[in-house]
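Just so you know, the protein sequences line up as chains A, B and C, in that order.
According to the working numbering, the first sequence is numbered sequentially starting from -9.
According to the working numbering, the second sequence is numbered sequentially starting from 3.
According to the working numbering, the third sequence is numbered sequentially starting from 20.
There could be a bad hint or two in this list.
According to the in silico footprint, chain B covers these stretches of chain C (three or more CB under 8 Å from chain B) [as the list claims (entries may be wrong)]:
{"#": "1", "segment": "59 to 66"}
{"#": "2", "segment": "122 to 132"}
{"#": "3", "segment": "145 to 158"}
{"#": "4", "segment": "301 to 307"}
Straight-line C-alpha distance at most 20 Å; calculated SDA-like pairs for lysine to any residue [unchecked claim]:
{"#": "5", "chain 1": "A", "residue 1": "Lys205", "chain 2": "B", "residue 2": "Glu207"}
{"#": "6", "chain 1": "C", "residue 1": "Lys246", "chain 2": "A", "residue 2": "Phe71"}
{"#": "7", "chain 1": "C", "residue 1": "Lys246", "chain 2": "A", "residue 2": "Gly75"}
{"#": "8", "chain 1": "C", "residue 1": "Lys160", "chain 2": "C", "residue 2": "Gly150"}
{"#": "9", "chain 1": "B", "residue 1": "Lys235", "chain 2": "B", "residue 2": "Glu100"}
{"#": "10", "chain 1": "C", "residue 1": "Lys246", "chain 2": "A", "residue 2": "Phe173"}
{"#": "11", "chain 1": "B", "residue 1": "Lys235", "chain 2": "B", "residue 2": "Val101"}
{"#": "12", "chain 1": "B", "residue 1": "Lys175", "chain 2": "C", "residue 2": "Thr271"}
{"#": "13", "chain 1": "C", "residue 1": "Lys246", "chain 2": "A", "residue 2": "Val72"}
{"#": "14", "chain 1": "A", "residue 1": "Lys205", "chain 2": "B", "residue 2": "Asp103"}
{"#": "15", "chain 1": "A", "residue 1": "Lys205", "chain 2": "B", "residue 2": "Gly136"}
{"#": "16", "chain 1": "A", "residue 1": "Lys205", "chain 2": "B", "residue 2": "Val101"}
{"#": "17", "chain 1": "C", "residue 1": "Lys105", "chain 2": "A", "residue 2": "Leu222"}
{"#": "18", "chain 1": "C", "residue 1": "Lys160", "chain 2": "B", "residue 2": "Glu207"}
{"#": "19", "chain 1": "B", "residue 1": "Lys175", "chain 2": "C", "residue 2": "Ala126"}
{"#": "20", "chain 1": "C", "residue 1": "Lys246", "chain 2": "A", "residue 2": "Ile172"}
{"#": "21", "chain 1": "C", "residue 1": "Lys105", "chain 2": "A", "residue 2": "Leu228"}
{"#": "22", "chain 1": "C", "residue 1": "Lys105", "chain 2": "A", "residue 2": "Ala229"}
{"#": "23", "chain 1": "C", "residue 1": "Lys246", "chain 2": "A", "residue 2": "Pro77"}
{"#": "24", "chain 1": "C", "residue 1": "Lys160", "chain 2": "B", "residue 2": "Ser208"}
{"#": "25", "chain 1": "C", "residue 1": "Lys139", "chain 2": "B", "residue 2": "Ser25"}
{"#": "26", "chain 1": "B", "residue 1": "Lys175", "chain 2": "B", "residue 2": "Pro238"}
{"#": "27", "chain 1": "A", "residue 1": "Lys93", "chain 2": "B", "residue 2": "Pro113"}
{"#": "28", "chain 1": "C", "residue 1": "Lys246", "chain 2": "A", "residue 2": "Phe69"}
{"#": "29", "chain 1": "C", "residue 1": "Lys105", "chain 2": "A", "residue 2": "Ile218"}
{"#": "30", "chain 1": "C", "residue 1": "Lys246", "chain 2": "A", "residue 2": "Lys205"}
{"#": "31", "chain 1": "A", "residue 1": "Lys205", "chain 2": "B", "residue 2": "Lys235"}
{"#": "32", "chain 1": "A", "residue 1": "Lys205", "chain 2": "B", "residue 2": "Glu100"}
{"#": "33", "chain 1": "C", "residue 1": "Lys160", "chain 2": "B", "residue 2": "Pro113"}
{"#": "34", "chain 1": "C", "residue 1": "Lys105", "chain 2": "A", "residue 2": "Gly135"}
{"#": "35", "chain 1": "A", "residue 1": "Lys205", "chain 2": "C", "residue 2": "Ala126"}
{"#": "36", "chain 1": "A", "residue 1": "Lys205", "chain 2": "C", "residue 2": "Glu211"}
{"#": "37", "chain 1": "C", "residue 1": "Lys160", "chain 2": "B", "residue 2": "Ser25"}
{"#": "38", "chain 1": "A", "residue 1": "Lys205", "chain 2": "C", "residue 2": "Lys105"}
{"#": "39", "chain 1": "C", "residue 1": "Lys160", "chain 2": "B", "residue 2": "Lys235"}
{"#": "40", "chain 1": "A", "residue 1": "Lys205", "chain 2": "B", "residue 2": "Ile138"}
Since the hints were derived computationally from the structure, they do not count as laboratory data.
Quick caveat: nothing in here was measured; it's all calculated off a predicted structure.
Glycine included, each C-beta is placed from N, C-alpha and C at the ideal position.
One-letter residues, chain by chain:
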Amino acid sequence: MSCWETLADYGLRSLGYGERLLPRSDFTLCQQVVLIGSGMIWNIYFGVLALLSGFFLATAAAVGKASTNPVLQRLSNGFIFVFRGSPLFIQFFFAYFLFVALKGVSPVFDAFSAAWLGALIVLFLNTAAYSGEIFYGALQSVPKGDMEAADAYGLAGWARFRRITWPTMLRLAWPAYTNEAIFLFHATTLVYFSGFPALQQRGDALYYASYFADKTFNPFVPYPILAIYFILVTLGILALFGLVNRRLNRHLPQEQRARMKFRPNLLR
Amino acid sequence: MKKILLGTAALAMSASMALAQGSVVRLGTEGAYPPYNFINDAGEVDGFERELGDELCARAELTCEWVTNEWDSIIPNLVSGNYDVIIAGMSITDERDEVIDFTSAYTQPDPSAYLAMDGAEVDFEGGVIAAQAGTIQASHIASSGATLLEFATPDETIAAVRGGEADAVLADKAFLEPIAADSADLALVGEDVLLGGGIGMGVRESDTELKEKFSAAIDEMKADGSLNALIEKWLPASATF
Amino acid sequence: MYRAARATDASIGTTAIFSFCTDPGTLGDAAWMACYLTTGKHMALYWSVGTVLLLLAITAPVSLAFGFGGAAAARSSVAPLRWFGKTYIALVRGVPDIAYFLFFVIALDQAFEYVRHKVKCPDWDQPIRQGNDFVVCAAAKLPLGNAPQWMHETYGFFLAVLTFALVFGAFAANVLYGAMRAVPRAQMETAEAYGLTRRQCFWRILVPQMWVFALPGLSNLWMVLVKATPLLFLLGVEDIVYWARELGGAKTPRFTDYPHGDWRMWYFLALLVFYLFLTWVSERVLARVMARLTHGQATVAGEAARKAA
């Protein structure tokens, strides 16, 4: 069987298309590369959606934590503490437990015990908490002068936040936020590993990598393949976030811009 | 029985020890698959295979030591030399036989069974069936018409049936039988499925001497009926030799 | 999953702590619970808390050392060393830690045994790889085949520490590398103007000043490290998660004196509290260290501290 056929049979296997059965004997390198790559679809799905949706909650949590309203502050603080303070797999466990219980209450929750929705919600909350803390840190370091200048221009409230505070906060938080994005993509490997069940052998990259490690009894091929895929994803994230960083800093003088890149990663 | 459990291993000090590689034989098991092997209240390996392994080591005049290892990596760790024998309810299959060697089987081929909520009508061809990932049962369901739902541990598969996530769970009958007997809400359903060969001890392919010793001890126990006695005690639902 | 083999020690926990625990079936709720929570298995759980804390205590400084080495290498003027440092950081940071944990321990173990085999048994005529088997001479085994169990466990623990340190060392290197670049250029230029050598500049000017820039990143890394400890069970160390799973699963009366249903939720709740507590303590301690380090520094936080005083 040529590698092209393998790609046609298993390229979308993680979504349930193509061959029904996974390969069971005579495993080829091509099969491992294709299936693990197919699983990456899920890692990217979880990573991208959680990051995009988490961004908004993170901003809200950061603003809440920095606000003077004690209720908002406590709420944001508690949310960030719980989700940053506990291991992800425990969050997965409780979420799955809760979703299965909710299913008994109403059929509305049927989809929640499946990984595509349930795990996404957990990852969304988790990354929102981590990014919220990063944004909060950045919010605290917005230069006082910027705010005074905004006041002088007569900007206040929402306009000041949208045009001055928020862009500056993003600019300051960006290097650390890039790291968080990388961590989040790594964390997506835990979904099937210790959280949610795999249906019909549709899983993420780690699921297929461990399938092959289990069937070939040789961990030294599938896991390095997985590692290479993740290095590629990480390079992609760095490139994409680098572009945004350039845009965020486009008003700064060249020399200062170059230095921005090497700001210490204040928070993960 | 208590007496055997208290000793770490059957210590067979004899002149032939030097012959027996001059050192300890390490027995690897999972420790999460009653009645074959499990961790008892005191935190030790216990069960059918504990008793059997201790007896085999005594007969083969070997000093043995028990270690536990995750099921998923039990074969890679054997071939890498972290222990010398797998004794973990492992069915003899062709795929495994390509990588490691097996001693003679010490149980008859063990039937697998379905466990479901008591009184439930299970569609074995089209329903949702849970299994532990990486087991022969999981591959059986994958090739049948049913929808396979895989979990990392056997406990989670049972919980999935209780929680309504799966219609039934397919696993070794000897594992499911005590659960069905002790819980009012669960019952064995449908017909048994015969998968795999009997259970044997796994050894490295380069370890022929050790394999011969254990095979000889197993055959001896089969001949004098002591193996049947152990099977009747721990695996009442299984066939004897 | 690549659990190095571990033995169950018969000497611990075979005797119950309370004398009334001989027949748990007849006990009242409180007494039953007291007996249940002091079984040998639970003792193993309590021990594993110590194991996790010990691992954290050893891994943190070792990772820091690896990170320091990596960062120093990455900014070295010797090109191969610089490439090595940068590759180490990029490679390890790019891959999920779990992927390393899944095969690193076996790989490390085999690498050590391979080297020992080459040194100790030069005239061994059989191949090391026999089909699927990895066979080294008896003298090269780590630990030796007849070594007592505690040696096997210590070796497994050592491999786990090394794996964790290699992975987290790369992250620490990234943080320290950034921190070294954050030390104001003028400081280094002044030092050079005073005629300090490269080495002196590095040790006397750069290293003492970089910590304040590194601390936020490092403290965050510590939090990540704490939360990575549940992955220890992949590395062959009996950690709290392993025991919580084992103890929490439903138990039938045939195999235990203390049958119960699926109690994983309660055990995981205890784990949750444990981790939250650890985070809480860490946050307090790190805030204090930060306050100390920023004292007298010409940064925003240092300025704020000065004003507050």
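Here's how the hints hold up against the structure:
With 4 residues having a beta carbon nearer than 8 Å to a beta carbon of chain B, the segment 59 to 66 of chain C meets the requirement of three or more and the stated coverage holds. With 4 residues bearing a CB less than 8 Å from a CB of chain B, the segment 122 to 132 of chain C meets the requirement of three and the coverage assertion stands. With 8 residues bearing a CB less than 8 Å from a CB of chain B, the segment 145 to 158 of chain C meets the requirement of three and the coverage assertion stands. For the segment 301 to 307 of chain C, the stated coverage by chain B is violated: 0 residues have a C-beta nearer than 8 Å to a C-beta of that chain, whereas at least 3 were required.
For the hint pairing A/Lys205 with B/Glu207, the CA-to-CA distance comes to about 17 Å; that is within 20 Å, so the pair holds. Between C/Lys246 and A/Phe71, the direct Cα distance comes to roughly 13 Å. Compliance with the 20 Å bound is thereby established for this hinted pair. About 8 Å separates the Cα atoms of C/Lys246 and A/Gly75, which keeps this hinted pair within 20 Å; it holds. Our distance criterion of 20 Å between C-alpha atoms is met by C/Lys160 and C/Gly150, whose separation comes to about 19 Å.
Annotation: proposed proximity of B/Lys235 to B/Glu100 is violated, straight-line Cα distance about 32 Å (limit 20 Å). Simply put, C/Lys246 and A/Phe173 have alpha-carbon atoms about 13 Å apart, close enough for the 20 Å limit, and the pair holds. Note on B/Lys235 and B/Val101: the hinted pairing is violated, with a Cα-Cα distance of about 32 Å set against a maximum of 20 Å. At most 20 Å may separate the alpha-carbon atoms for a hinted pair to count; B/Lys175 and C/Thr271 meet this at roughly 15 Å.
Of the supplied pair hints, the one linking C/Lys246 and A/Val72 holds, its CA atoms being roughly 12 Å apart against a limit of 20 Å. Taking the CA atoms of A/Lys205 and B/Asp103, the gap is about 16 Å. The hint holds against a cut of 20 Å. Annotation: proposed proximity of A/Lys205 to B/Gly136 holds, straight-line Cα distance about 8 Å (limit 20 Å). This hinted pair checks out: A/Lys205 and B/Val101 have alpha carbons roughly 10 Å apart, not beyond 20 Å.
The hinted pair formed by C/Lys105 and A/Leu222 meets the criterion: a straight-line CA distance of about 16 Å does not exceed 20 Å. The suggested pairing of C/Lys160 with B/Glu207 holds, with an alpha-carbon distance near 18 Å, which does not exceed 20 Å. A threshold of 20 Å between alpha carbons decides the hint, and for B/Lys175 with C/Ala126 the separation of about 37 Å lies outside it, so the pair is violated. Taking the CA atoms of C/Lys246 and A/Ile172, the gap is about 16 Å. The hint holds against a cut of 20 Å.
A hinted pair counts as satisfied when its Cα atoms are at most 20 Å apart, and C/Lys105 with A/Leu228 qualifies at roughly 15 Å. Using a Cα cut-off of 20 Å, the hinted pair C/Lys105 and A/Ala229 holds, with the two alpha carbons roughly 17 Å apart. A C-alpha spacing of about 5 Å is found between C/Lys246 and A/Pro77, which places the hinted pair at or below 20 Å, so the restraint holds. Of the pairs offered as hints, the one joining C/Lys160 and B/Ser208 holds, with about 16 Å between alpha carbons and a cut-off of 20 Å not exceeded.
With a C-alpha separation of about 19 Å, the suggested pair C/Lys139 and B/Ser25 falls inside the 20 Å cut-off, and the hint holds. Between B/Lys175 and B/Pro238 the CA atoms are separated by roughly 11 Å; this keeps the pair inside 20 Å, and the hint holds. Under the criterion of a C-alpha separation no larger than 20 Å, the hint pairing A/Lys93 with B/Pro113 is inconsistent with the structure, at around 33 Å. For the hint linking C/Lys246 to A/Phe69, the alpha-carbon distance of about 17 Å falls within 20 Å, and the restraint holds.
Simply put, C/Lys105 and A/Ile218 have alpha-carbon atoms about 17 Å apart, close enough for the 20 Å limit, and the pair holds. In summary, the hint linking C/Lys246 to A/Lys205 is not supported, as the alpha carbons are separated by about 30 Å, beyond the 20 Å threshold. Using a Cα cut-off of 20 Å, the hinted pair A/Lys205 and B/Lys235 is violated, with the two alpha carbons roughly 33 Å apart. Distance restraint check for A/Lys205 and B/Glu100: the Cα-Cα separation of roughly 11 Å lies within the 20 Å cut-off, and the hinted pair is therefore satisfied.
A distance of roughly 39 Å separates the Cα atoms of C/Lys160 and B/Pro113; the hinted pair therefore is violated under the 20 Å criterion. Pair hint C/Lys105 plus A/Gly135 does not hold up; C-alpha atoms about 37 Å apart against a cutoff of 20 Å. Distance hint between A/Lys205 and C/Ala126 is fulfilled; the C-alpha atoms sit about 19 Å from each other, no more than 20 Å. A C-alpha spacing of about 60 Å is found between A/Lys205 and C/Glu211, which places the hinted pair above 20 Å, so the restraint is violated.
A distance of roughly 12 Å separates the Cα atoms of C/Lys160 and B/Ser25; the hinted pair therefore holds under the 20 Å criterion. At most 20 Å may separate the alpha-carbon atoms for a hinted pair to count; A/Lys205 and C/Lys105 exceed this at roughly 35 Å. As the CA atoms of C/Lys160 and B/Lys235 are separated by approximately 38 Å, the hinted pair breaks the 20 Å bound. The straight-line distance between the Cα atoms of A/Lys205 and B/Ile138 is roughly 11 Å, inside the 20 Å bound, and the hint therefore holds.
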